[in-house]
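On the provided structure of chain G, position chain Y as indicated by the hints.
Residue numbers (my numbering), protein chains in the order written: chain G, 1 to 111; chain Y, 1001 to 1113.
These are computed hints drawn from the structure, not numbers from a lab. C-beta atoms are modelled at their ideal positions from N, C-alpha and C, and glycine is treated no differently. There could be a bad hint or two in this list.
[Unchecked claim] Derived contacts from chain Y toward chain G, CB cut-off under 7 Å, selection only:
{"hint": "1", "residue": "1042"}
{"hint": "2", "residue": "1104"}
{"hint": "3", "residue": "1113"}
Listed below, chain by chain, are the residues.
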Amino acid sequence: GQQVMQIPQYQHVQEGEDFTTYCNSSTTLSNIQWYKQRPGGHPVFLIQLVKSGEVKKQKRLTFQFGEAKKNSSLHITATQTTDVGTYFCAGPGGTASKLTFGTGTRLQVTL
Amino acid sequence: NAGVTQTPKFQVLKTGQSMTLQCAQDMNHNSMYWYRQDPGMGLRLIYYSASEGTTDKGEVPNGYNVSRLNKREFSLRLESAAPSQTSVYFCASSEGQGSGELFFGEGSRLTVL
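Bound conformation, chain Y alone:
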């Protein structure tokens, strides 16, 4: 049982390059999330999708776009990467809205030079 799978695990980009982080879950969950984690700042919500077909901004959406491709997949795109986007990115999913645990992927470490 894979749970939440993220790719790639590591990526180095140059400023201005674009890339997409992929996330897929096999638990038939309705809600999916993208968080970024920076030292001393905990986990900050970038975007989330409460259900298939909907997406909404979180705390720190600037510089990112998302696509809820289907119920399983939720991708995060950086159109023009900046050094401030160097971070560890976590995708997560949950059964429904609000209550209920989040299941996290293993994370994607992104460095922007």
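With the rest of the complex left out, here is chain G:
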């Protein structure tokens, strides 16, 4: 079945440093979504990318969808303590109704 892997599993940065997480799918995706989960919380939708090579920005967050639509990345510029949490990518797998989540990247930011 479809597999979605993310690297790294964990990253610890100093506030102000940049951060990137990478997402790789074993199959071509029609779209990819990104979610953020704060410690003790539930996943919250950030964005969806649909087009090959698409780049979207949300303030300090930049999302990219690969040309082959099998990989994606999330880059955070100048991290803040409010960025702490786990970031998941997710893509439709098998039937259109099933969303397969990546393994997640946990980000820790310290002052």
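Relative to chain G, chain Y alone:
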């Protein structure tokens, strides 16, 4: 606006006991999902319901059953709980199939002793 509501938030069971996790959404969404989250394993789909009246297995359906009671409600039942089912369970909903964001409930933390 409540969104997706799950109950209970916490539950402790003994091996072999049964229980049902309840989920309701007030957004008139067609699709509903149950995920479990374990450390280091991300979110794994247990069952989903693409629309009222239909349910399908996800990645890890063994030991679970579901009921899509109506458009609003989607319940998850553990008939005979096992320690391997200790996890955090999330219910989610979305407008339709495939594309479109998932809205998650706050989660239900289940411990099976």
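Which hint numbers does the structure go against, in order from smallest to largest? 3
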